[in-house]
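When you get a sec, could you build the whole thing from the sequences and use the hints?
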Amino acid sequence: MSILRNGWRQLTSMRTALVLLFLLALAAIPGSVLPQRRISPAKVSEYLATNPSAGRWLDRMQLFDVYSSVWFSAIYLLLFVSLVGCLVPRLRTHVTSLLRVPPDAPKRLERLPAHADGLPHDGDSAATARRLRRLLRARRFRATVRESDDGFTVSGEKGYLKETGNLLFHFALLGVLIGVASGSLFGWQGNRIVVAGAEQGFCNNRQQYDEFTPGSRVDDADLPRFCLSLVDFHASYLDSGQATSFRARMAYEIDGRGGGRSVGVNNPLRLGEATVYLLGHGYAPVVRYTDRTGRTQTQVVPFLTTDNFLTGSGVVAFPDANIGVVDTTYGPTGKAQVAFEGTYLPTVPDNVHVGRSAHPAERNPRLMLRPYFGDLGLDAGEPQSVYEINQRQISAGLLHSVGEPLALKPGESAKLPDGSTVEFLGTRPWIAVSVRHDPGEELVLVGAVLLVVGLLGSLAGRRRRIFFRVTAEGVEAGGLPRTDYSGFTAEFESIVQEAGRGAGPDGELVRPAAGDHDSGVPGGDAVLRR
Amino acid sequence: MITILAYLAAMLCYAAEYAFGARGVVARAAQRELAPVGGSSGGAASVDDRGGAAASVDDLGDEVPAEGPGGSKISERIGTAAVLLTAVGVVAQIATLVTRAVAAGRVPWGNLYEFLLVLTLVGAISWLVVLRLRPAMRPLGLLVTSLLVVLLGAAGMVYTQAGPLVPALNSAWLRIHVTTVATAGGVLLVGFVSAVLYLLREGYESGKAGFPWALAGRAPAADALERFTFRVHAFAFPLLTVGIICGAIWAESAWGRYWGWDPKEIWSFITWVFYAGYLHARATPSVRRRVATYLALLGWTALMVNQFIVNYFFTGLHSYAGN
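For the protein sequence lines, the chains are A and B, in the order given.
Position 33 (the first sequence) corresponds to 1380 in the numbering used here; numbering is contiguous.
Position 291 (the second sequence) corresponds to 302 in the numbering used here; numbering is contiguous.
Just so you know, the hints here were simulated from the structure itself, not pulled from any lab data.
Since no wrong hints were added, every one of them can be taken at face value.
Cut-off 20 Å, straight-line C-alpha distance, at most; resulting in silico cross-link-like pairs (SDA-like, lysine to any residue):
#1 Lys-1390/A - Gly-271/B
#2 Lys-1509/A - Arg-1447/A
#3 Lys-1509/A - Phe-246/B
#4 Lys-1509/A - Leu-290/B
Beyond 10 Å from chain B on every Cβ pair, some chain A residues (computed):
#5 Ser-1349
#6 Arg-1407
#7 Val-1428
#8 Pro-1460
#9 Asn-1669
#10 Ser-1760
Quick caveat, the model's predicted, so the values are computed rather than measured.
Built from N, CA and C at the ideal position, the CB exists for glycine as well.
Spelled out as structure tokens, the structure:
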């Protein structure tokens, strides 16, 4: 039991809290050095592939998921337990001290850091005490008068704001944490690419996202119902290729009513409880393919951008090409499916072999295609990337590169060795959107605002007490700054001076014999003995 | 065409002013260093030039030169000149930023170069404000200005042509977020200098002689420095907090989340935690002031890591350092 109590005392001590705070800062560092799974899973896999042995150890220590790792959570949870353990008793003390009147003056005022003696007396002790209380109240002290054996004492206290602010700050911090937690429990997020065109739109359900991350307490049925499509997209660029503006016009339908709005980078679309953000954009080539049976199909394929100049790469696959044709040239399955591995350059560079776009706008577009014939391997039921040719099929000898790579301008077409034609019709823009819902956001915001308010209070507030002892012999004053406050001496002197000015109603000052001891306050006595 | 011409002219104007501003600041530091040479040869050191003098003279020994009216006057004058030169530097830097704003047609804090300009400008201005309020702190001047020069030099290394903003930065929050953060950074710069000087002075007062400690031989008393350090940090910390919160609000509307552990966010978190640790440690009687002040230094270190290392070695959403 005593171990527990000691442990608790240790945990809630300021030193422990400081050490934990320090550890928290240190623990956050690896997350900025190593790639993090939550932000860029691709980079983590890349890292694991290039450093397999070290990577495995790092992964075991959760260094790729620092901010959701056991050890990071342990530090901040301990910190917050420590915080609560420290705050609750402090809140109780503070509330009692707010409700209670300031404590009685100590026996020996001369022992206080600030002290003054020999203040004028109005003649009537009770009246003097009341006047001093009025004086303190006028200066916004909480003040009270007590009757003692030999007269009266006046106690005043001010600067409760400091502790109030302090507590507010820390409770707001707790609020922020709760908000963050509730966001990760009840929030969700989906990412998807949307190509321009009404038929390319999507509706808000899990299956229609490329990536979907629900909070642990989110059910598919909780998702609000709405549909979105991209009407058109405009981007403008400097000659250097730096983008200056993006504008996406989106059409939406929610609760049976439709609408349209322009969405930009700093201008998300709020649809009910969800928010739609524009995260990226690129080009989707439109390719028409006429197979050897004469059947024509058209595909609009968003190409993923690989650099700032919007070089795109992707695969245009025609799994339904040559249906019914059995041709074992390309492999034992006899399929003659067609796919093109493509690179799209919105502005072809002077040297085409560079293979990268020279400008993000479509100034001189070119679509590079490498045709593949054979079995695309789509029937195996294994998930595969739609942006890459299935390498397994190639190495298995089921899919073959055929003929020369093609370079097409918009509107151009080319004949393939088997007599089929491929035509590059042009491009459509696509945007990457992130649709999110974070129910903790408001709480975090309110918490953050209160945090600042509390912080200001706790840094600006200065707790101090002023006491007067009024006896038949005279008036004595003492001051106790409860926090580091360099202006306290000046304030105390000015209070003492004011206390000295206000004499009784008849104007007759009763000057008692001055005490002999030194108050120890520089200038304190000098002021009074003018 | 006219835009390009105007832009070129502004750039030229800017380059000249920048050079002048930097020279002003450097000259100030240099004169600071000259002062003690005159002072010690005349066998005197001024009241006003203690800090500057301390830097080079005290390496020679602990002996405190006697006050002499002649030397005092000279270094008094040099001290005033130094302050004036700082003011000239500030004016030139403001002109720099204004011309840059005109050239780019936007608020001039869209990349690391501009951010550093703003940060050092705020540092210099808050330093002048400090001088006005507390002339006794003048000995900090040498350290403040040398830090300013180093940072401006670093800014020169990451120079970026003035140009329009990338779309992500094109928001009212740019003004709010970057201004508060840069202001906090500038004030923290003064706090950092004062913290360093306090640590040196504290060592000096506890009898440590020799290289680093003796530099603080003529600095203000340790506990005055310590209080000043705390006041500066207590002023800057809420600013930093507000700056980070504004950043989070902006991130919510630009990137769809208020906090995503982007390297910049991680390091501002670390900075914030260190400074919070400093303020807490200072309020805890059982923690020595010296130990607490080291936390403030860590905070500044994290801030600098955030400026330089994060921008160049980590890729994140805040990669606006240059194009």
